[in-house]
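J.: Take the two lone chains and join them into the complex the hints point to.
Heads up: the protein sequence lines correspond to chains A and S, in order. So the first sequence is numbered by the numbering used here: it starts at 39 and just counts up by one. So the second sequence is numbered by the numbering used here: it starts at -15 and just counts up by one.
Heads up, some of the hints might be wrong.
Stated by the list, open to error - FRET-style restraints, in silico, Cβ to Cβ:
(1) S:Q176 to A:L183: 19 to 29 Å
(2) S:L139 to A:E394: 51 to 61 Å
(3) S:K268 to A:L183: 31 to 41 Å
(4) S:I393 to A:K107: 45 to 55 Å
Derived from the structure by calculation, the hints contain no laboratory data. Predicted model only: the values in this text are computed from it and were never measured. No residue lacks a Cβ here, since even glycine has one placed at the ideal position from N, Cα and C.
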Amino acid sequence: MAFVSEVLRKTITDIDGTYVGILEDLIARDIPEMIHPRVEAIQINCKGKMKIVPVLSAMSLFAPAIPLKFHIDDLPEFELDDVRDIYLARDVLDMQIIDTDGGRVVRVNDLQIIRVQGAIYVTNVDVGLNGIIRRTPAKKLANSLLELFKIKLKENFIAWDNVELLMHDQFMRLKVPKESLADLHPADIAEILSDLSKLETTQFLDALDVEQVADALEQVETDFQVSLIESMDDERAADVLEEMDPDEAADLLQELPEERSQLLVSLMQKSEADDVKLLLEFDDDTAGGIMTTEFATVPENVTAAQAINILRENASDLETLHYVYVTDELNHLLGVFSLKELLFASPKEKISDLMEPKVRQIRPDLDQDEVAKIITKYDLLAVPVVNQNDVIIGIVTADDALDKIIPTAWKKRLPKFYH
Amino acid sequence: MEKKKFFFKRSWRSIILLFSVFGPATITALADNDAGGVATYSIAGAKLGYPILFMLPILTLLLAITQEMGMRLTIITRRGLADLIREKEGVRAALFMFTALFIANVGTLVTEISAIKTTSQMFGIPEIPAVIFMVLLSFFVITRGSYKVTQNIMLFSSLIFFVYIFSAFKSNPDWGNALSNLIYPHGVNFTQTYMRDYLIIGLGVLGTTITPWGQFFISSFAYDKKIEKGKVNLSQLETYWGAFLTDFFSFFMIVATATTLFANGIELTSGEQAALAIEPFAGKLASILFAVGILNAGFMGLVVVSLTTAYAFAEFFGVSGSLDDSFEKSKTFYYLYGFQLVLALLIVVLSNFSLFQIAVVTQSINAVALPLVFYYLIKLTNDQKLMGEHKNNSFKKWFTSISAVVIVIASILTVLAYFVFE
Chain A
39 MAFVSEVLRK TITDIDGTYV GILEDLIARD IPEMIHPRVE AIQINCKGKM KIVPVLSAMS
99 LFAPAIPLKF HIDDLPEFEL DDVRDIYLAR DVLDMQIIDT DGGRVVRVND LQIIRVQGAI
159 YVTNVDVGLN GIIRRTPAKK LANSLLELFK IKLKENFIAW DNVELLMHDQ FMRLKVPKES
219 LADLHPADIA EILSDLSKLE TTQFLDALDV EQVADALEQV ETDFQVSLIE SMDDERAADV
279 LEEMDPDEAA DLLQELPEER SQLLVSLMQK SEADDVKLLL EFDDDTAGGI MTTEFATVPE
339 NVTAAQAINI LRENASDLET LHYVYVTDEL NHLLGVFSLK ELLFASPKEK ISDLMEPKVR
399 QIRPDLDQDE VAKIITKYDL LAVPVVNQND VIIGIVTADD ALDKIIPTAW KKRLPKFYH
Chain S
-15 MEKKKFFFKR SWRSIILLFS VFGPATITAL ADNDAGGVAT YSIAGAKLGY PILFMLPILT
45 LLLAITQEMG MRLTIITRRG LADLIREKEG VRAALFMFTA LFIANVGTLV TEISAIKTTS
105 QMFGIPEIPA VIFMVLLSFF VITRGSYKVT QNIMLFSSLI FFVYIFSAFK SNPDWGNALS
165 NLIYPHGVNF TQTYMRDYLI IGLGVLGTTI TPWGQFFISS FAYDKKIEKG KVNLSQLETY
225 WGAFLTDFFS FFMIVATATT LFANGIELTS GEQAALAIEP FAGKLASILF AVGILNAGFM
285 GLVVVSLTTA YAFAEFFGVS GSLDDSFEKS KTFYYLYGFQ LVLALLIVVL SNFSLFQIAV
345 VTQSINAVAL PLVFYYLIKL TNDQKLMGEH KNNSFKKWFT SISAVVIVIA SILTVLAYFV
405 FE
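Extracted from the complex, chain S is given alone in its bound form (with noise of 0.2 Å):
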């Protein structure tokens, strides 16, 4: 008899599988190390320095506390993100949360698809076959792949800030500058072009760390692994671990970046120098080192992503939400499956922004979409009819709350800094 397979929710599973077996703890370490991720902190490191570094302890807690509360209201409410703002909030919450959701993914999307561009230059291959291959390969490794291949892609992918912790140590930083400027920003030249800089910087910084989609992710981690509701406090520990680890990464690629790119006055603009921050580690392999590391980064965000709105998408408007439905019966969703990868792919070729042109304005993208994810978040960890006893404490409300405000803040900010103060 003919068996149903159901690949698609199969390869949703196995990546969330795979994060089961390391526990929530490095869900966020490695599912944000994409390439997003790398090549955001390398501009941040190659540009701003040290001080940078600065805001790693305040990102460190906020993602902590908005993890944790994504993950406890799953646990209690044994419901996804997405289902509960459509069921609580309506129909026209829904629409505006997915669309925003949408814009900031397809912004993800192009940064992962320009990773891959980058590595198709380093190596000397015709970029639009390559980017084109690529993303149809994410979606053969999405509708037919294992368990084993999407594992080997996500360890692969964080070899590379092993190499970047190695390298931190290789390059003899100033550890005491580094280590200090994590509490007060200091050592550098505040002009007003550097201040600039690092609040545009800086909100790619944020929007690269905590990411809406992040959010809907481990929704459904904690969803599809039916964590019991007994074990909401030691899932707390994990989450606050995770994010520390998340940040322990970004630490050492900042370092690296710094101390190799900024303090030579380099600017970053190809993949080439981008390597240059792991070649006190890598030597002559770096070039190659780097090409492979952020193809595979690239790779990863690519899958997790994509799959990230689809579901999200599933969720909000329960459109009978597969790839292993028929295209016939599912069509609606393929459509938005295919578009948003389209989109991502026509801007990439049609723009020829490098890949660090674009990451920190796409990264930022997230970061405008977030104080919307935490408005709903906010306000329905604090519901009690919903978590009961499990509601938010009043530190995690009002801190999540203001820094929702600094955050359309630094958004109005960097908008103004962009078109105004140019």
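Chain A extracted, bound-state conformation (with noise of 0.2 Å):
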């Protein structure tokens, strides 16, 4: 186990004992199969010219001085590949990257390297304590003060495949998104947008794929929403608000400028611009404000199986989905059964004998205090709106009844409690 701190700097010679030059940077290739990449190449400082030799060349990167295998005249020449080439120390060592494990953005302070039948790989990236100290002059004096203490730092390192580059300039690329970007959460995407400049939030976001900044964005607060929102192009912004769910898609575009939103939600596809064109139209602490317009429906007519074949077919992309409300061909809400009920019911078994039909519902122009209420004094976990044709236009979840009304502080104290 090394480091590439303890490497670089070091004092090069030739085959015959005369001075090279000092060791300027480690050059290293992402190869397809491999997770971790190779160290190819050399760079050396002669005394300011650069030269760049594989690393064969050498006869070990670990001795206290390294040899070349090679007189100083006759120094082999290595060729760079521009795209999948890094040089460890220039790129990488002191930059910012993403840890897509933990989900944050970090400080490279070393990185470790390993030999492994004579090939040299990285395997990991140092960004503890330890890797600051070990760069410092003082690396004796810090070490046997932590010693004297009885101060053991731990040792904080990011495996290399869970290390995503940030483009920060002109000769930094982000390379093709890896799976693990793919593979993060969206809170944890939520952590990483806010620790970004809006240079890299743009291609943080362009990397990821729609669904996942949808995602991400509903775990961000409204007005970190509106300024990511405001960083993307209008079509993409468009097909992100189509993934949100409606409800937060409609209170996003409330913040937006008049113009943008009214842009925004004409470049949505018309069933999502709908839904939210509806929403838009309540008042934030109404019924009508918070409520969301995707929820479960079936007609009385059909069986228990038809109807989870009907919920396998059209159901699959809501948020929730505690109860089933059945309507007839206007949408008039009929009657009401649970997820539970369905399971159990026997195949055969008629939906209108199955659903209860007196439904607990409320109208859109209904304060949200008074939502939360009946929501807790009934038990519910979501409750219908029905305009007033009584056809259902969406429907309120408990959590989002209680996210407007029980304070932050309370929520943060009580996390588990409704959620």
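T.: This is the structure:
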């Protein structure tokens, strides 16, 4: 186990022991089938002139002074691959990276390298205090102080496969998004976004797929959502809004400047745009303002087995599915049953027999406090919203209803209480 | 669903957002009006009279140029000053610069906490509980505060500056004498003791006008505000205006104190005496106004400076840098944030120095750390690869370089003045 910082600045001599220069940088190459990049070449600073030679021309990088296998006038050339080659000191050391495992932006203090069968691989990125201490002139002093006070610093490594390089300026490149980015949890994406500058944010968002961006947006506060949407172009912003829950999308659109908001709605697909437009009509603090237009319905005259099939086909995208509502062709609300009731019903049972015809329902202009009261009083997970013609237009879920009522501080203290 | 709040980043952004309303012009002026500034300018006016005004034009120019450099650097590279020092100069430079910034900031925090102590003395409130309470309150404002709270603190603390302007006019100063001292120092007996005081206090005035934390602050400001490259010329003008505004306030503060205190030979040692400078305008309310004003300025400094240390640290070392994270996740960050406050608090509580004894010393520490900041600032803004066509012109380069050298010499002379010519 060794570190890049320990190798850099070492003296390099040729086969006769003549001074060549000092080790300026290590060049590693991303190899598709390998997780870890392999060190392919070394950059030598020969009194201000840079020379790049294959790493194999050095006898050992780990000797106190590095001897080359060639004569100084006879050094082999190394051919750089602009796409896959990474200068470890110039492009990675001291730079910021995304830790896709921990979901955060960190600074690289050192790089760990290991030798396997003659080749050198970059294994870990050191982001801990040890990495800083190792590179300070007062290393020995710091270590003996730590020993004196019996402080043991924890190693803080990130495995290379969890590392995503950030493009900082022209010579850094954001590599083709790795699978690791696709695996990020929306909450982690939200966290990373809050750490990035605007330029980096744009690049990072571009590397994610639309659905991920939408999920991540739902995790952050509205004012942060607005700034993120503002950094996207219109097409992409509209795509993201389509993927978001209509109620979240509507909240966000309300915060945008009128012009942009209308433009984005017009760019959205019709069905999603209609949902959002409907929601935009209602005040923030009413049932209509906090409801979602995504809910599951089945007709009255089907059997339980048919109902399950209908749900399989139509309801897979829903955020919540606690209740299924029974409607006629004109979407009049006729009844309700829970998913549990459906699960335990005999397959042949008629939905009209299974459903509860007396449905607790609310109007879209009902104050949100009242909504919360109804939901807690009757111990519901969601309550349907119907218009004056008894047509169901949305549902308010329990967490959305309580979200607006319970003070944030409470929610912090009672995180498991309601969601 | 529980949404992520990012309280800490929010309070930082809320400070920056506040400034963005006023534009960068006011940023320097407002952020500079901390308790250290009020105390140091008061001491300068009281002890040296009008001749200290001679420093102001040069300081204004230096402040304008260095703030402009930091601003331009961040607009062009889209990175903070600390980010750049770490990435371009490496980890040793980062450690070195951070240590200097940390020491200077603890010094400034000591001043701010001393100001709170002064207020509690003037109101006859027990000192130690009062300062501990205010430090805890600053932590609370940072983690739970809102844009409105921050805004009110800042706006309120700038009020005291207007009080000084009115007082300066009402105290009937010798305007001819004051204004001509801007060009050349005259009108007093330049004895050896006077020259020694001029050197020591002058360095303090420099350190309170141009601060290391101010350099990191303006860089953060430009970074978070995401000023576009095209607007670099506009922001240049605004920084110049901001520098002018800072010293415009300083000018009246010095004139007010020089006319009321220096002219009457009053040695400045207590808050009550400092309040005499605003009596021409504030009358019997002077003491109360000064006490509240300095408390407010101290509190604002406490919030802004402690945040600057924490943010620079996060930029330098990329330790997952936020008080939004859990204690477990960013222990180092919490320790550092708490450590600077506890350290400053202990110095204030144990040392028993008053604000007016300590202000010049702590502000001088700022000045001593400045050449180091200038060095990196000049080096980075001269980097052709980094800055392209926005590289420094030769006037800026040479003026700041020579200033850095002058500051180094002045710092050495001051240390000598303290210990050798005592």
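J.: Could you run down the list of hints and mark each one as holding or not?
T.: Structure-based check of each hint:
Range check, Q176 (chain S) to L183 (chain A): Cβ separation about 44 Å, and the 19 to 29 Å hint is violated. At about 59 Å, the CB distance of L139 (chain S) to E394 (chain A) agrees with the hint of 51 to 61 Å. Separated by about 56 Å at the C-beta atoms, K268 (chain S) and L183 (chain A) break the suggested range of 31 to 41 Å. A C-beta distance of roughly 53 Å is found between I393 (chain S) and K107 (chain A), which places it inside the suggested range of 45 to 55 Å.
The structure does not agree with the numbered hints 1, 3 stated previously, though it agrees with the rest.
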